[in-house]
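Both chains are given apart, each in its own frame, so use the hints to dock them into the complex.
Listed here are the chains, written in short residue letters.
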Amino acid sequence: EDQVTQSPEALRLQEGESSSLNCSYTVSGLRGLFWYRQDPGKGPEFLFTLYSAGEEKEKERLKATLTKKESFLHITAPKPEDSATYLCAVFKAAGNKLTFGGGTRVLVKP
Amino acid sequence: DGGITQSPKYLFRKEGQNVTLSCEQNLNHDAMYWYRQDPGQGLRLIYYSQIVNDFQKGDIAEGYSVSREKKESFPLTVTSAQKNPTAFYLCASSPGYGELFFGEGSRLTVL
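Top line first, the protein sequences correspond to chains A and B.
When we follow this note's numbering, the leftmost residue of the first sequence carries the number -13, and every step to the right adds one.
When we follow this note's numbering, the leftmost residue of the second sequence carries the number 6, and every step to the right adds one.
Any given hint could be a false lead.
To be verified - As a list, the in silico EDC-like pairs of lysine to aspartate or glutamate whose alpha-carbon atoms are at most 16 Å apart:
{"id": "1", "chain 1": "A", "residue 1": "Lys78", "chain 2": "B", "residue 2": "Glu104"}
{"id": "2", "chain 1": "A", "residue 1": "Lys49", "chain 2": "A", "residue 2": "Asp68"}
{"id": "3", "chain 1": "A", "residue 1": "Lys78", "chain 2": "B", "residue 2": "Asp64"}
These aren't lab readings, by the way, just hints derived from the structure by calculation.
Isolated chain B, as found in the complex (with noise of 0.2 Å):
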């Protein structure tokens, strides 16, 4: 089936840690994109990429880094420097257009 995949879909953190999240697409889309949800709240754009090896930064990207090595993948992590990084995150690609196709979602949670 075509889709977006993301793992883990609950992770936990020790404060200090870097930790990644994974983001796999099989639908051929250009663009992915990593959004942060806290409870009860919209979307917050952290990190998007229109094309392979290459990305922008979001409204809430600091704390956070991503690469796009390859169009199949788009991994985000969260760095220490991430003060509250207990979140929702969603992840999403794109055939243009605003369009957009969500995974399950990751839950990161800070011991």
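Chain A extracted, bound-state conformation (with noise of 0.2 Å):
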């Protein structure tokens, strides 16, 4: 069975304080990893998109990576603005859809 588990649960950052979430997957035909950010109270949005290991992509103060089991969202410098749910979701071509993590609750203090 596939299974996505993200850690840790929820993160306490200080304005500035860089640190790194994690997803680690056991998926069989893995097409894609997918990171999103949601706020409360909202959809989530697309962040990335890795398709194979040693893949890296950045976006502001994000960065995601991926080996073959598991990435890793890492955030330098993080800003209050930055605090948000972060989820992770596999792709399998198989069926075409995507299965999430239980995400990551990151709170930036200023």
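Here it is in structure tokens:
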């Protein structure tokens, strides 16, 4: 059975304190790993797609990396506006659907 | 503007009632999805449709029903058979290969 596990469940950071979020997965036939950001009471917003081990993508203070078993979302020098829940999801071509992890709630305090 | 429109944003239901959540998209995407999110949890797939007049059950389809009569529309009915329907419901569409575009969500509360 496909599994996606995110850790930690919650993360409290001071502004400027860099950290990393983990997404580990056991999926056969992975076609892509996705990162989304979700603000309270809103729908998730797409951040990144990673397709193969060793791939990296960056956007402002966020950087996503992928290995064969896990992905990391690095937040460098975070600001309060980076506070959100970050969701990862895996995509298998069979079924054309995403399976999501439980998310990491990030709070950045000024 | 192109996007996904969900309505209503908030909905209250008495026990035993069926309710229907609307989802409309103008992105010309073939695939559409319904997810459920419980407090502090990730998203769980209810139903999805890859083409008009066809849909598949997701991981938690029991107590829910859908239809896909038009490309733009994918309504979700929460039936009285769903024992714990209070949740945040998210609709999404996709051009393929996993990238989803989400609506703003509908929050259903059972009184």
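Which of the listed hints are broken here?
-> Nothing - there is no hint that the structure violates, so all of them hold.
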